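Asks: Sequence:
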Amino acid sequence: MTKRRKELLKRLENFKSVPGHGPDINAKTDDELELYLSLLEAMFKRAFCQVDDEEGVSVEDDRL
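Using the numbering used here, read the sequence shown as starting at 1 and increasing by one per residue.
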């Protein structure tokens with residue numbers, strides 16, 4: 001196992017999926033893993049980059 005693959009798998013440990021519904025990570029190439037990881041990180045960032053303004057309304061946080 002390459003150093004790059006170990007690092008990608010380590011970063012992927014932060015994301016869980018329902019058993020039987022996630023990708024077969026062992027069958028993916030390093031490039032496919034990197035793309036999958038970047039998609040997960042981007043979706044997570046978009047989902048949780050909102051804060052509440054003074055009136056309690058959620059707005060996108062520009063600091064992220």
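What the hints contain is simulated information worked out from the structure, not anything from laboratory work.
The reader is advised that the hints may include incorrect statements.
[Said to hold, decoys possible] No farther apart than 16 Å at their CA atoms in a straight line, the calculated lysine to aspartate or glutamate pairs in the EDC-like style are these:
#1 Lys3 / Glu41
#2 Lys3 / Asp30
#3 Lys45 / Glu7
#4 Lys6 / Asp31
#5 Lys28 / Glu7
#6 Lys6 / Glu34
[As the list claims (entries may be wrong)] Distance ranges between label pairs, derived from CB positions:
#7 Met43 / Leu9: 24 to 34 Å
#8 Met1 / Cys49: 16 to 26 Å
#9 Cys49 / Thr2: 23 to 33 Å
All values derive from a computational prediction rather than experimental measurement.
For glycine and all other residues, C-beta sits at the position ideal for the given N, C-alpha and C.
Asks: Against this structure, judge whether each hint is valid.
Replies: Verification of the hints:
Distance restraint check for Lys3 and Glu41: the Cα-Cα separation of roughly 20 Å exceeds the 16 Å cut-off, and the hinted pair is therefore not satisfied. At roughly 10 Å between alpha-carbon atoms, Lys3 and Asp30 fall within 16 Å of each other, so this suggested pair holds. Distance restraint check for Lys45 and Glu7: the Cα-Cα separation of roughly 20 Å exceeds the 16 Å cut-off, and the hinted pair is therefore not satisfied. Among the hinted pairs, Lys6 with Asp31 is consistent with the structure: their alpha-carbon atoms are about 13 Å apart, no more than 16 Å.
Of the supplied pair hints, the one linking Lys28 and Glu7 holds, its CA atoms being roughly 14 Å apart against a limit of 16 Å. A C-alpha spacing of about 11 Å is found between Lys6 and Glu34, which places the hinted pair at or below 16 Å, so the restraint holds. Remark: the range hint 24 to 34 Å for Met43 to Leu9 is contradicted by a beta-carbon distance near 19 Å. Against the hinted window of 16 to 26 Å, the Cβ-Cβ separation of Met1 and Cys49 comes to about 33 Å, which falls outside the hint.
The hinted range of 23 to 33 Å is satisfied by Cys49 and Thr2, whose Cβ atoms lie roughly 32 Å apart.
When each numbered hint is compared with the structure, violations occur for hints 1, 3, 7 and 8.
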